[in-house]
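Protein chains: 2
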Amino acid sequence: MIEATIHEMGQRARVAAQALSLLEAEEKNAILLAMADGLRRGSEDIISANLHDVEAAQTKGLSSAMIDRLRLDAARVESMAKGIEQVATLHDPCGEILSDITRPNGMRILQIRVPIGVIGIIYESRPNVTSDAAILCLKSGNATILRGGSEAIHSNKAIAAILQQSGASAGLPADAIQLIPFTDRESVSVMARMDRWLDLIIPRGGKGLIEAVVSQARMPVIKHYDGICHTFIDAAADREKAVRISLNAKTQKPGVCNAMETLLVHENAATRILPAIVDAWRTKNVEIRACEKSLPLISGAIPAVEEDWSTEYLDYIVSVKIVSSIDEAIHHINHFGSHHSDCIVTEDASAAQKFLRSIDSACVFHNVSTRLADGEEFGFGAEIGISTDKLHARGPMALRELTSYQYRITGDGIIK
Amino acid sequence: MIEATIHEMGQRARVAAQALSLLEAEEKNAILLAMADGLRRGSEDIISANLHDVEAAQTKGLSSAMIDRLRLDAARVESMAKGIEQVATLHDPCGEILSDITRPNGMRILQIRVPIGVIGIIYESRPNVTSDAAILCLKSGNATILRGGSEAIHSNKAIAAILQQSGASAGLPADAIQLIPFTDRESVSVMARMDRWLDLIIPRGGKGLIEAVVSQARMPVIKHYDGICHTFIDAAADREKAVRISLNAKTQKPGVCNAMETLLVHENAATRILPAIVDAWRTKNVEIRACEKSLPLISGAIPAVEEDWSTEYLDYIVSVKIVSSIDEAIHHINHFGSHHSDCIVTEDASAAQKFLRSIDSACVFHNVSTRLADGEEFGFGAEIGISTDKLHARGPMALRELTSYQYRITGDGIIK
Chain P
1 MIEATIHEMG QRARVAAQAL SLLEAEEKNA ILLAMADGLR RGSEDIISAN
51 LHDVEAAQTK GLSSAMIDRL RLDAARVESM AKGIEQVATL HDPCGEILSD
101 ITRPNGMRIL QIRVPIGVIG IIYESRPNVT SDAAILCLKS GNATILRGGS
151 EAIHSNKAIA AILQQSGASA GLPADAIQLI PFTDRESVSV MARMDRWLDL
201 IIPRGGKGLI EAVVSQARMP VIKHYDGICH TFIDAAADRE KAVRISLNAK
251 TQKPGVCNAM ETLLVHENAA TRILPAIVDA WRTKNVEIRA CEKSLPLISG
301 AIPAVEEDWS TEYLDYIVSV KIVSSIDEAI HHINHFGSHH SDCIVTEDAS
351 AAQKFLRSID SACVFHNVST RLADGEEFGF GAEIGISTDK LHARGPMALR
401 ELTSYQYRIT GDGIIK
Chain A
1 MIEATIHEMG QRARVAAQAL SLLEAEEKNA ILLAMADGLR RGSEDIISAN
51 LHDVEAAQTK GLSSAMIDRL RLDAARVESM AKGIEQVATL HDPCGEILSD
101 ITRPNGMRIL QIRVPIGVIG IIYESRPNVT SDAAILCLKS GNATILRGGS
151 EAIHSNKAIA AILQQSGASA GLPADAIQLI PFTDRESVSV MARMDRWLDL
201 IIPRGGKGLI EAVVSQARMP VIKHYDGICH TFIDAAADRE KAVRISLNAK
251 TQKPGVCNAM ETLLVHENAA TRILPAIVDA WRTKNVEIRA CEKSLPLISG
301 AIPAVEEDWS TEYLDYIVSV KIVSSIDEAI HHINHFGSHH SDCIVTEDAS
351 AAQKFLRSID SACVFHNVST RLADGEEFGF GAEIGISTDK LHARGPMALR
401 ELTSYQYRIT GDGIIK
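Residue numbers (my numbering), protein chains in the order written: chain P, 1 to 416; chain A, 1 to 416.
Just so you know, the hints here were simulated from the structure itself, not pulled from any lab data.
It is possible that part of the hints are untrue.
If chains are identical, the list can't say which one is meant, so a pair holds when it fits in one copy or spans any two.
Pairs of lysine-lysine residues, derived as PhoX-like cross-links and limited to a Cα-Cα distance of at most 20 angstroms, are as follows [to be verified]:
hint : residue 1 : residue 2
1    : 253       : 293
2    : 293       : 82
3    : 416       : 284
4    : 207       : 223
5    : 253       : 82
6    : 223       : 284
7    : 284       : 253
8    : 416       : 253
9    : 207       : 293
10   : 157       : 223
11   : 354       : 157
12   : 223       : 416
These numbers were taken from a predicted model, which means no experiment stands behind them.
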């Protein structure tokens, strides 16, 4: 029953995707504005649906952090509506000409950006993803099949219904945004195998969810595993920049993927710079797990164990290692890192170049905090996630990364 | 044992990929030229290894077509060597700047083309793929793990050994090109699950092989399912172009993926144009499977059955269907086609635009034979395959499609 229902949704999404691909930017923008308006008018309905979810979460004894992620109030609904208006102002990437070649036989080959088709989004507790993901897919001309977590099912249904109704009034094709009514694991498996109707799956959530999708998916998956981000203080680092960046990367918002987890320090910079960094961290009560060499330099540090080098703390905890060369730093990062975002602090341009070219990560920074690895900071105007994959989309993903391309070839009776 | 061996190869390939990513274009070209030279000097060794494979194939009673695909002679080895020299002349896509943005806070974001990393190529009987695939990966800075079919194992080993040795003499990093010595199904499964060491798998072969990879792979797969290509003769088609293109698309080389399998004819063009197309096909003894409406117009045609619309004949066979509108043609192609290459023949510019925008295929043609869907014809100078996927690479794939990108961000102590 679950399988048949989801397959039917997929088939209908394919029809919707065809209609969506033919909409002009202005038509899509009018739909988006109607949706923002719909969310505002439906704010009370959304909040009362959300209350069911919050009460159920409290009964189940979920943590207060989980419940906070789940909760919607008037300000959060307004923020979703504003998010939609913001996406309406963004440039529509579809129709962009990526290349335009005329061959000696007169054949003209246009490579044009087009929507991907149907995108499946699988996510966990935050109900605002229902709106955020659907509208980015819509703006880029894609149909979406959403599958949210059980904790937020009432909120998700209310948001999806409002997006569908208010969108339809402004010309949104039927079935362009669909929410799967099931929240069990089987629905994830069905989606992952449904390559006939889904062109792409984006799982947004913990490792268990991502592993379930990766191990079963027959279609492309764009995922974000973890963010084990490094800051490397080179021998030629400026002390003030090193302190400022290390403090910011670790403590400005430690619970996110682009926060620093490991500080690497060149042995020739350790006594000059490390104590100042440690002092800065102390002001934020950062717990420090130090390698053998750095342990004597950091009072109160805990000895780091092997596991620390591959741990994403997402907390006020950091591991520190002294390395004897930039090559050791590069090797450490490529081996233990998660290929997300890594930074070198140095005034030596050739060391910076070497680092940027050698680190196999989506974003590599020179004298810039890894916290800047973000679609908004990059000027994308939106972000659907940060890909730690290398195919199709790498790093911050926005509208452009939700498109494919097509070759349109014209001639006057050309044959081979 | 197989698993441990292949994982070790993967780990070594990762190290090689790092070294390859730092090579300049001239260094890679020098390696390629040394390899071409190596193949020429080793031609006799390759041919004598190939003789083992050919004799085994004859003993097994393989078809003469299969044996022909397998056989290498001096001309074919020379052609592999020439192919390498040709790739050496191509532009190296790595290092290309895809975007260059400076943000208001002074942060400069360069998006730079970089190699993907380690690419697995799984292929069947043609031994020349060993060289063709490895050199395209090498030129684009990637390490390769090759897994060829059992029929060509002696040939593949000889070719790989020569590429490795002659490449090494010109600076090819160790383990940049590795051939898996196993040819059983398990080696495919091991590769498909080895996402830690393989960034991409490209299966080249029949549906059974592709299905085995797609159903098991944990990493991205770029594949080519089938080529069910259509030519649509619009009401406003020019008769001479319709005949020329239909003859070429069906008969110039019927055994390849971009050959036409189904002809759709607008009912208002049927009596004016279809008989002339049929007459042209007759000169090549094309077997015609006709829909109910077209059957009376084609003497000697066989009635088409439902299955014909989704069959890739790869032979002198074609299915013909009369449609009552361009919308019916578009619907038929999107429903039964394989999203590879489809053509409209028309003098009506708005019909052409509608067709090009509405067909969900990698290549859509207006008054050009689908046989032109090809990396060489597109001016790519090489081709590793034609992707029927929509993510990362769609349509003819060459060097550019074997790359990823990385964001390199510089600033002067920027924090969030």
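Results of checking the hints against the structure:
1. Proximity of residue 253 and residue 293 under a CA criterion of 20 angstroms is satisfied in neither setting, with 28 angstroms inside one chain copy and 68 angstroms between copies.
2. In this assembly of identical chains, the alpha carbons of residue 293 and residue 82 never lie at most 20 angstroms apart, being 50 angstroms within a copy and 55 angstroms across copies at closest.
3. In this assembly of identical chains, residue 416 and residue 284 lie within 20 angstroms of each other by CA distance solely across copies; the values are 16 angstroms between and 70 angstroms within a copy.
4. For the identical chains of this complex, residue 207 and residue 223 are intra-copy neighbours only, at 10 angstroms inside a copy versus 27 angstroms across copies, given an alpha-carbon limit of 20 angstroms.
5. When the C-alpha separation of residue 253 and residue 82 is checked against a cutoff of 20 angstroms, the pair qualifies neither within a copy, at 23 angstroms, nor between copies, at 56 angstroms.
6. When the C-alpha separation of residue 223 and residue 284 is checked against a cutoff of 20 angstroms, the pair qualifies neither within a copy, at 32 angstroms, nor between copies, at 51 angstroms.
7. Only within a single protomer do residue 284 and residue 253 lie at most 20 angstroms apart by alpha-carbon distance; the minimum there is 11 angstroms, versus 71 angstroms between protomers.
8. Proximity of residue 416 to residue 253 under the C-alpha cut-off of 20 angstroms is restricted to the inter-copy arrangement: shortest distance 10 angstroms between copies versus 59 angstroms within a copy.
9. Neither within a single protomer nor between protomers do residue 207 and residue 293 lie at most 20 angstroms apart by alpha-carbon distance, with minima of 33 angstroms and 56 angstroms respectively.
10. With identical chains, the CA atoms of residue 157 and residue 223 are never at most 20 angstroms apart, being 24 angstroms at best within one copy and 36 angstroms at best between copies.
11. In this homomeric assembly, residue 354 and residue 157 never come within 20 angstroms of each other (Cα to Cα): the closest approach is 50 angstroms inside a single copy and 36 angstroms across copies.
12. Taking identical chains as interchangeable, the C-alpha atoms of residue 223 and residue 416 are never at most 20 angstroms apart, the minima being 41 angstroms within one chain and 25 angstroms between chains.
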